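Participant: With the first letter of the sequence shown counted as 1, position 168 gets the number 1316 in the working numbering; the numbers rise by one all the way through.
Since the hints were made in silico from the structure, they are not lab data. Be a bit skeptical, because a hint or two may be false.
BS3-like mimics (lysine-lysine), calculated; alpha carbons at most 25 Å apart, straight line [what the hints assert, rightly or not]:
hint	residue 1	residue 2
1	K1279	K1256
2	K1383	K1249
3	K1215	K1256
4	K1249	K1151
5	K1349	K1151
6	K1215	K1279
7	K1274	K1176
8	K1312	K1249
9	K1215	K1173
10	K1188	K1312
11	K1151	K1215
12	K1188	K1249
13	K1215	K1205
14	K1279	K1255
15	K1380	K1255
Being a predicted model, the structure only gives us computed values, none of them experimental.
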Amino acid sequence: MAKIVVVTGGAGFIGSHLCDLLIGKGFKVVCIDNLITGSKKNISHLQKNENFEFLQKDVVKDSLGIKKADYIFHLASPASPIDYQMYSEETALTNSLGTIKMLELAKKTSAKFLLASTSEVYGDPKEHPQKETYWGNVNSFGPRSCYDEAKRFAETMTYLYIHKYGVDGRVIRIFNTYGPKMRKDDGRAVSNFINQAISGKPLTVNGDGNQTRSFCYVSDMVAGIEKALMTKGTKGEIFNLGRALSSG
1149 MAKIVVVTGG AGFIGSHLCD LLIGKGFKVV CIDNLITGSK KNISHLQKNE NFEFLQKDVV
1209 KDSLGIKKAD YIFHLASPAS PIDYQMYSEE TALTNSLGTI KMLELAKKTS AKFLLASTSE
1269 VYGDPKEHPQ KETYWGNVNS FGPRSCYDEA KRFAETMTYL YIHKYGVDGR VIRIFNTYGP
1329 KMRKDDGRAV SNFINQAISG KPLTVNGDGN QTRSFCYVSD MVAGIEKALM TKGTKGEIFN
1389 LGRALSSG
């Protein structure tokens, strides 16, 4: 019998690619998404697959009705600056109450759990590049805190459930990702550069131009996400996921 995998935020950019990968490996995938920022178009090709189930539900407000799960990938959250500033309250609640709900599900079903966190937990870092042991430099009271601080809280709750309840959990911190299904209006560097190049406008570079970014292709990203959860011995670990070489 196929193992059951729950993917929250599964109709989003990265989540939908993860669903593709998991279906291709023979898992039964339960995709949960409230479609605030995700899109049914991203998963339309999977709808007729007998191993794929889509639940249009909110991980904070709705009863999910899931009784069995072997693996849980918790990716649900607005992730681009445009989205999490437009949906600031939803972002904070999804990463706090929503994370607790998914950790409770992992606890009840004995499922292996992965929290998709973000490089934004490092804030405006003083250390370059950032190691997983770096504590960050984050503003807890500002326009980005609904995302940065909520993700830090989600990491804290994951740590708590690992050490207090024995949940088999781990955390990944996602760096800049690009590829098919990426929204052209998501407000991030790659999409902004492409839009500006197409329209013949100068590329917008904030700061002095010496900044570097780690850009990772989405298929490589989801391969890393899947490996972080499925590999033995990763309980309690944190992984930065991105490209090894930075672009400047």
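Participant: Just to be careful, I want the Cα atoms of K1151 and K1215 compared with a cutoff of 25 Å; is the pair within it?
Facilitator: holds, 13 Å
Participant: Holds or violated: K1249 and K1151, Cα atoms, limit 25 Å.
Facilitator: The hint holds at about 21 Å.
Participant: Can the restraint linking K1215 and K1256 be considered satisfied, given a maximum Cα separation of 25 Å?
Facilitator: holds, 9 Å
Participant: Next pair to validate is K1274 with K1176; report whether the Cα-Cα distance is within 25 Å.
Facilitator: violated, 42 Å
Participant: Given the hint that K1188 pairs with K1249, test it: the Cα-Cα distance must not exceed 25 Å.
Facilitator: Between K1188 and K1249 the Cα gap is close to 24 Å, so the pair holds against 25 Å.
Participant: Regarding the pair K1215 and K1173, is the alpha-carbon distance no greater than 25 Å?
Facilitator: Holds: K1215 and K1173 sit about 22 Å apart, inside 25 Å.
Participant: If you draw a straight line from the CA of K1215 to the CA of K1205, is it 25 Å or shorter?
Facilitator: Holds. K1215 to K1205 sits at ~16 Å (cutoff 25 Å).
Participant: Compare the distance between the alpha carbons of K1279 and K1256 with 25 Å, and conclude whether the hinted pair is satisfied.
Facilitator: violated, 33 Å
Participant: Taking only the CA atoms, is the gap from K1188 to K1312 under or equal to 25 Å?
Facilitator: The hint is violated at about 37 Å.
Participant: For the pair supplied as a hint, K1312 and K1249, confirm whether the alpha-carbon distance does not exceed 25 Å.
Facilitator: holds, 16 Å
Participant: Are the Cα positions of K1215 and K1279 separated by 25 Å at most?
Facilitator: violated, 37 Å
Participant: What's the verdict on K1383 and K1249, does the C-alpha distance respect the 25 Å limit or exceed it?
Facilitator: Distance ~19 Å between K1383 and K1249 Cα, so the pair holds.
Of the hints listed earlier, those the structure fails to meet are numbers 1, 5, 6, 7, 10, 14, in rising order.
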